[in-house]
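Chains as they are written, first to last, in numbering that gives the first Met the number 0: chain U, 0 to 239; chain D, 0 to 239; chain E, 0 to 239.
Possibly wrong hints are sitting among the right ones.
Said to hold, decoys possible - Which stretches of chain D does chain U cover? Using the computed rule of at least three CB atoms under 8 Å from a CB of chain U, they are:
(1) 39-47
(2) 56-63
What the hints assert, rightly or not - Pulled from the structure, derived: some chain D residues nowhere near chain E, Cβ distances all over 12 Å:
(3) Thr7
(4) Leu73
(5) Asp93
(6) Gly97
(7) Asn124
(8) Val142
(9) Pro143
(10) Gly149
(11) Asp159
(12) Thr177
(13) Leu187
(14) Arg206
(15) Arg230
(16) Glu236
(17) Ser237
The hints are simulated quantities; they were obtained by calculation from the structure and are not laboratory data. Just so we're clear, the structure is a prediction, and the values are computed from it rather than from any experiment. Glycine is no exception: its CB is placed at the ideal position from the N, C-alpha and C atoms.
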Amino acid sequence: MRATSTPTTFVLVHGAWCGGWCYARVAQVLRSRGHTVFTPTLTGQGERAHLISGAINLSTHIADVLGVFHCERLNDVVLAGHSYGGMVITGVADRIAGKIKALAYLDAFVPEDDQSLFDINIPANTQRFLAGVGALGGLAVPVPPAAYFGVNAADAALVDALATPFPLGCFSEKLKLTGAYRSVAKCLYVHGTMLPRESPFRPFYERAIAAGWSAHALSCGHHVMLDEPERTAELLESLA
Amino acid sequence: MRATSTPTTFVLVHGAWCGGWCYARVAQVLRSRGHTVFTPTLTGQGERAHLISGAINLSTHIADVLGVFHCERLNDVVLAGHSYGGMVITGVADRIAGKIKALAYLDAFVPEDDQSLFDINIPANTQRFLAGVGALGGLAVPVPPAAYFGVNAADAALVDALATPFPLGCFSEKLKLTGAYRSVAKCLYVHGTMLPRESPFRPFYERAIAAGWSAHALSCGHHVMLDEPERTAELLESLA
Amino acid sequence: MRATSTPTTFVLVHGAWCGGWCYARVAQVLRSRGHTVFTPTLTGQGERAHLISGAINLSTHIADVLGVFHCERLNDVVLAGHSYGGMVITGVADRIAGKIKALAYLDAFVPEDDQSLFDINIPANTQRFLAGVGALGGLAVPVPPAAYFGVNAADAALVDALATPFPLGCFSEKLKLTGAYRSVAKCLYVHGTMLPRESPFRPFYERAIAAGWSAHALSCGHHVMLDEPERTAELLESLA
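Could you build the full structure based on these sequences and the hints that come with them?
Following this line, the structure appears as structure tokens:
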């Protein structure tokens, strides 16, 4: 067993069409090393899919995570977000920067003030997602297949089984930022290089390098926590 | 360190005006012994308090917990419920009895078919709760103070700080049961004997003894997981 | 043809388990005499029954009627409410007393500040209604049969066919009143004396007499607009 780092609290936020379940292995590794881990599921997704409604937006999901900090009395947290989760953790960090020790973007969007995910995704992706909402009542984005994300063969069936439509307002709401989140001292970027199409995350990875973040490229698909759970846990633990 | 039991999965369901946070200490103890623990927060409570609405009922909360079983692919689970949580776990067990190894009622209501919590609480309590809803829009039950539950002095302020109004429909909806939940082999009852008023839970504890359950009385208030976290964890672990 | 009174605007608010349809005959009579008549259906009832949800309360219904005043630019209105509709029109009048010429309570509840309908109904009725909600998810009150209201034989089948469950929050929310509604100059009470059980409306009728309102007893059931449409229209017109 490797040397244990300082016991630290991790809050791991999943991406679109996903749930806290995607972090099960990473959480197990971190807990086995003495850390405290929360993997909240965002409203309308995963085991909260029965709450799906057109009233859910990015602000709802930011409130979901702020609630965990409030109710669990958290401080000095490593806050990670995967993919869309990068929108959520940036919004959370802007509200309670003083409680966050480090931000970890796992192949995630890194928004600036007044940007929605639709604004910073590749236009063809935004168009694809918008084109799909009409068939689901206009307020939810259909699930892309696991193959779209280059999920490893062993986990593809699970990802397809658990994915449910994603609330449109989470992609369309522009995030308002005061800039307070920039006071978080440490930032990490983990990029999965094997997406079977143009990656919207590569520019964020390159910007992370340019900004002097701890930046890492893994030879795997977009779901780094499923494709490379040990390595992802190790990188998260480097922030402890 | 004590001998470790078989690594087991625990799902711990909180009561009214509470949240997953109340199980933090019990979860920590169980995880330190190698167990996997989920402490889902019910919709409209704790860190999900921003989702409060009149549309939430007992069925919503049963769906919350069924979702955890589905998304985390759980089996062979020890399922515990505190207070109102006894309504929820009975409903969950009736739907997926085959995935449940044992049921643990922590100073909880134990409903039968076609009963609501209002039906099986002491009438004066039901009247008190109903009398309070009118001032909150008619659809949420105001928070009683921690003293009402006899919470220990050290935790009373936390309980008061995190409690939020409870959805009326969770108390008023009658639970429909097929009886399938009766096939769960092991049942445990833990009763807190120090409630500073007539206890609605004492009859359930006595019935548990009569039915041959593993039944235990602790000299503490209603929130056994806060007042006696080590002992509560130990009793839960006896079901592993 | 009778001498026509001043052309006046009437807003007629129905009771629980009903809809604007119950005023069809009364509206026809009043319009034939040159008046303007609105018979809004409250959210979750009648032709709006598809909107039923646990999120509806008395405040919702007050907003329904305030909306008609706003969008139709109404002033100098005779505002009538039947049964539960008395709760609604009192709340509306408290908000926009200056736009209301007269209030007409048709066998209706007449609430005071901080009272819910449950508070001022006969306790046995409140208990009956509450006992019924559990089977409908805890948030809607089942429909009593037309016979419960003493509806005339010719209309009973229609009333039974169109009635749908009523949102619990409309009965349980306490009405907050500033007292501004008391500035409405004219008030009318119409009581149906033939209810086949103890009438919760008789005390309001007696209080109306004591207060010097225009008060009338009709030898018919609770649904005076169905049992005595001509007479009801005539009494309403007396306020024009």
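Now for the hints, and whether the structure bears them out:
A count of 6 residues in the segment 39-47 of chain D with a Cβ less than 8 Å from any Cβ of chain U is obtained; the coverage claim is therefore met, three being the minimum. Counting residues of the segment 56-63 of chain D whose CB lies closer than 8 Å to any CB of chain U gives 3, which reaches the minimum of 3, so the coverage claim holds. Residue-level check passed: Thr7/D sits 33 Å from the nearest beta carbon of chain E, beyond 12 Å. Interface exclusion of Leu73/D from chain E stands, the closest Cβ pair being 26 Å apart, more than 12 Å.
At roughly 16 Å, the least C-beta separation between Asp93/D and chain E is larger than 12 Å, which holds for a residue marked as non-interface. Interface exclusion of Gly97/D from chain E stands, the closest Cβ pair being 26 Å apart, more than 12 Å. Once the 12 Å rule is applied to beta carbons, Asn124/D is consistent with being away from chain E; the minimum gap is 14 Å. The Cβ of Val142/D sits about 17 Å from the closest Cβ of chain E, beyond the 12 Å cut-off, so the non-interface label holds.
At roughly 18 Å from the closest C-beta of chain E, the C-beta of Pro143/D stays outside 12 Å, upholding its exclusion from the interface. Even its closest Cβ contact with chain E, about 28 Å, leaves Gly149/D beyond 12 Å, as expected for a residue assigned away from the interface. With a least CB separation of 24 Å from chain E, Asp159/D remains clear of the 12 Å interface cut-off, as annotated. Separation of Thr177/D from chain E is adequate, the least Cβ-Cβ distance of about 16 Å exceeding the 12 Å criterion.
For Leu187/D, the shortest C-beta to C-beta distance to chain E comes to about 28 Å, beyond the 12 Å cut-off, and the non-interface label holds. The beta carbon of Arg206/D is kept farther than 12 Å from every beta carbon of chain E, the shortest such distance being approximately 21 Å. Distance to chain E confirms Arg230/D as a non-interface residue, since its nearest Cβ pair spans about 34 Å, more than 12 Å. Interface exclusion of Glu236/D from chain E stands, the closest Cβ pair being 35 Å apart, more than 12 Å.
With 12 Å as the threshold on Cβ separation, the claim that Ser237/D sits away from chain E holds: the shortest Cβ distance comes to roughly 35 Å.
The structure fails none of the hints (numbered hints given earlier).
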